[in-house]
Every structure is written in C-alpha cells, then in structure tokens.
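Novice: Chains A and B, in that order, give the protein sequences.
So for the first sequence, the numbering used here puts the first residue at 1; every next one is plus one.
So for the second sequence, the numbering used here puts the first residue at 1; every next one is plus one.
Hints were generated in silico from the structure; no laboratory data involved.
C-beta atoms are modelled at their ideal positions from N, C-alpha and C, and glycine is treated no differently.
It is possible that part of the hints are untrue.
As the list claims (entries may be wrong) - Which residues of chain A face chain B? A few of them, derived with a C-beta cut under 10 angstroms, are:
no., residue
1, Leu-16
2, Ile-18
3, Val-25
4, Ala-41
5, Tyr-113
6, Arg-115
7, Arg-117
Stated by the list, open to error - Okay, the calculated bits of chain B under chain A, using three or more residues with CB under 8 angstroms as the criterion:
no., stretch
8, 41-50
9, 160-174
Unchecked claim - Derived EDC-like pairs (lysine to aspartate or glutamate); straight-line CA-CA distance at most 20 angstroms:
no., chain 1, residue 1, chain 2, residue 2
10, A, Lys-23, B, Glu-165
11, B, Lys-120, B, Asp-80
12, A, Lys-23, B, Asp-75
13, A, Lys-134, A, Glu-150
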Amino acid sequence: MNINATLIGQAIWFALFIWFVMKMVWPYFQRIIAERQKEVADGLAAAERGRQTLEISTRQAEEEVKRARERAADIVAQAEKRATQMVDEARGAAREEGSREKAAAQAEIEQQYARAREQLREQVAMLAVAGAEKILRREVDARAHAQLLESIKAQL
Amino acid sequence: MSESAALTPNEYISHHLSYLQVGQGFWSLNVDTLIMSGAVGCVVFGLMWLTARRATAGVPGKLQAFVEIVIGMVDQQVRDTFHAKSKLVTPLALTVFVWVFCMNVIDLIPVDFLPMLVEKGFGAGHFRVVATADANATFAMSLTVFALIRRCNFKFKGVGGFMHEVFASPFGIWLAPVNFVLRLIEEFAKPISLALRLFGNMFAEEVLFILLAVLGASWQVHGVGSFFASSASLAGQVILSLGWAIFSCLIITLQAFIFMMLTIVYLSMASESH
C-alpha cells in the first residue's frame, strides 16, 4: 500500500467518468425512464378506460335485448288480441247478415202471403159476385146493384 | 505459468504484487492501475453511452434492458436514501457502482493471463490488473467523495450552518472543542474506511488467487516423477480457484454496492441537517 502520484491520476479518471456519466449517459436514461413510466401509466389508464367502456356497452346491450324482448312480447300480445277481435267481428257480421236475410225472407213470405190472400179474396169476391149475378140476373140490374156489390167486395 | 518455472513461490508472489511503475518516490505512477482503470471505465461507460444514444422508450433491446436494470437499481437506492435535490448524486452513484464493479470483475480473469499478454506484447515485467487492489485507486475515489461531501455541506447548510453543526453537535456549544475533535475523527474516518474496505477486500481476493496459482504450479517442484502429488496440486488449484471465484462474484458485487451505498449515505448526511 504505497501512496503516490497515481492517486492524482486516479482522481482525474474518476472525475472524468463522473462528468461523462452526468452529461452523456444519465440524462438520456432519465428521460427514457420518465417516458416509459408515462407510457406505462397511460397504457394502464387506457386499459382501465377500455374496461369501463366494455362494462357500459355490455350493460347497454343487455338493456337493448331486454327492450327488444319486451317489444316482441307486446307485438305478439297485440296480434293475438287483434286475431280474437277479428274472429269476433266476423262472427258478429255473419250473425247480423243471417238475421237480415232471415228478416228479408220473412218479409217476402209475408208479402206473398198478403198477395195470395188478396188474390184469394178477389177470386172469392168474383165467385160471390158471379154467384150473385147468376142468382140476380133475372131480377136485379147489375148496374143498379154494382155499388152494393163493391161495398160487399170491400168487406170481404 | 510457464515463466514461473524459474521462480520460487516467493518470487512468484512478489512478482505479482509489484506495480508497473515509472518515476521516483511520491511522484511515481502506477501505470498498470492507471491503464486498467481507465480502459475498463472507457469501455463500460462508452458502452453505456452508445446504449443511451440508441435507447428507446419503447421495447428495449437486451443491452438497453440490462443497462436500465442497473441504472434503475442505483436510481432507486438514491431515491430511497438521498432526499435533497441534486443533479450530481445519481450519476455519481452510478459511476461508482459500475466502475468499481467492473474494475473488481477483472479479478475473475486468471491471474497470469493479462500479465502474460502484456509481457509478450510490450515486454513489461510487472502488470497488476485489478485496479481496486491498488490503494491509490480506492483512496482517489474516497477522497473525491470526501471533497464532494464538503461541497454538499456548504451548499445545503451554508458556511454558518455547517460551522454551527461542527462545533455545536452533538454536545452543545459549550463543549465546542470536544464536538470539533469528534467531528474531525468522524469526517476523516469516512474516506479512510471507504478506501481501505474496498482495497482490503480486493487485495485479499487477488492474493488468494495468486496463492492458488502457486499451489497449482508446485507440480514442477515435485517433479514429474511424483505423479500423485502433481495431479493433486493441479486439481487443488482448479477446484479451489473455482470455489473462490464463485465466492468472489458475491464479494465483487457487494463491495461495489457498499462503496456506492456509503457514498450516497455520506452525501445524504451532508445535505440534511439533523
């Protein structure tokens, strides 16, 4: 262990290397480490944001599906209601039509009945007049008694 | 170990513990220490500089990732220990750790390899490769750190604050001489212990490797005839060197880390008033 001027030389080396590291090495790495730290932090933040977005959109999608399902159920219910309604309407319309036709037929029947009665009455009246004529031909002037005959005919 | 054929173990050891020196007395230079520490520093810091210039904030390459791990470790230690604001402390700690570590690592190269190359290439008779096993190198660092501690003291506490601390703590202003003497001892113990700890550890490592090389070389002393003694001494060197090298990995890193940590702690103490 002999101390000599090497000490000074070594101190110069040391100072030189300290200066070199301080000026040429450390600043680069300091900057890079800071940049990387920032990048990592940004990446982590982005990942967190992505996770949140995913969560939100999952929830939205679930809601959407739920709404769609509800709407579909509504539509089906409405369609069923409509179908029942249509069947009811058709049934009502058919019933109405039937009753109308029935009424028309009845009216027809009544009309024909009335006409037949009228004809029958006229024929009976003619028969009666013819009978009476035959009876009265000899004694009664047909013209003189026409009025009377008419009133009888009307009464029949 | 071809050269050691002509050397006795004693000569071999002293050969390995002599510096390549120029000059006389105090004004002599240990050329080997200067060259090795400078070369190691230039290579490793140059490499870090190249890495720094090509570094990206994106996915780092293998070299960049490695450098970043080291820098991150040092930076974390500084953040944990040193709380004042300073542009100097982290680069200083980084320099200390990396430089000391790399100078220590040279110890793991077999003891005769680099000296042999230097002898063949430049004809230098002595060449010590582990710069931190030279007290000049460790004291140069610890005294530089000592100077920086003074600078920190004045910068963060001011001359008045520092003087007050020197004379008034820990026993109050009425025992100023006692305080001053205590402080003096404390302050000078720092660089001395810092330098001697590293020097002692690395010197011991180097000496043990040299001794193991002597053990391995002793087969020539036994002579070719005693086969068992020869192979036992050779196997002894191989196995024990391997064990010691593995243990050295721990010491090399630990000593570099301790030197860095104590540098940070001393500077932190100098920058905070207690």
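Novice: Take the hints in turn and mark each one as holding or not.
Specialist: Against the structure, the hints come out as follows:
1. Leu-16: holds (8 angstroms)
2. Ile-18: holds (5 angstroms)
3. Val-25: holds (5 angstroms)
4. Ala-41: With Cβ-Cβ at 12 angstroms, over 10 angstroms, it is violated.
5. Tyr-113: violated (111 angstroms)
6. Arg-115: For A/Arg-115, the interface hint is violated, since the closest Cβ of chain B sits about 112 angstroms away, which is over 10 angstroms.
7. Arg-117: violated (117 angstroms)
8. 41-50: Three-residue rule met by the stretch 41-50 of chain B, so holds; n is 4.
9. 160-174: Violated, because only 0 residues of the stretch 160-174 of chain B bring their Cβ atoms closer than 8 angstroms to Cβ atoms of chain A.
10. A/Lys-23 x B/Glu-165: violated (33 angstroms)
11. B/Lys-120 x B/Asp-80: Measuring from Cα to Cα gives roughly 49 angstroms; hence the hint is violated.
12. A/Lys-23 x B/Asp-75: holds (16 angstroms)
13. A/Lys-134 x A/Glu-150: This hinted pair holds, its Cα atoms lying about 17 angstroms apart.
The structure fails to meet hints 4, 5, 6, 7, 9, 10, 11 from the earlier list, while all remaining hints are met.
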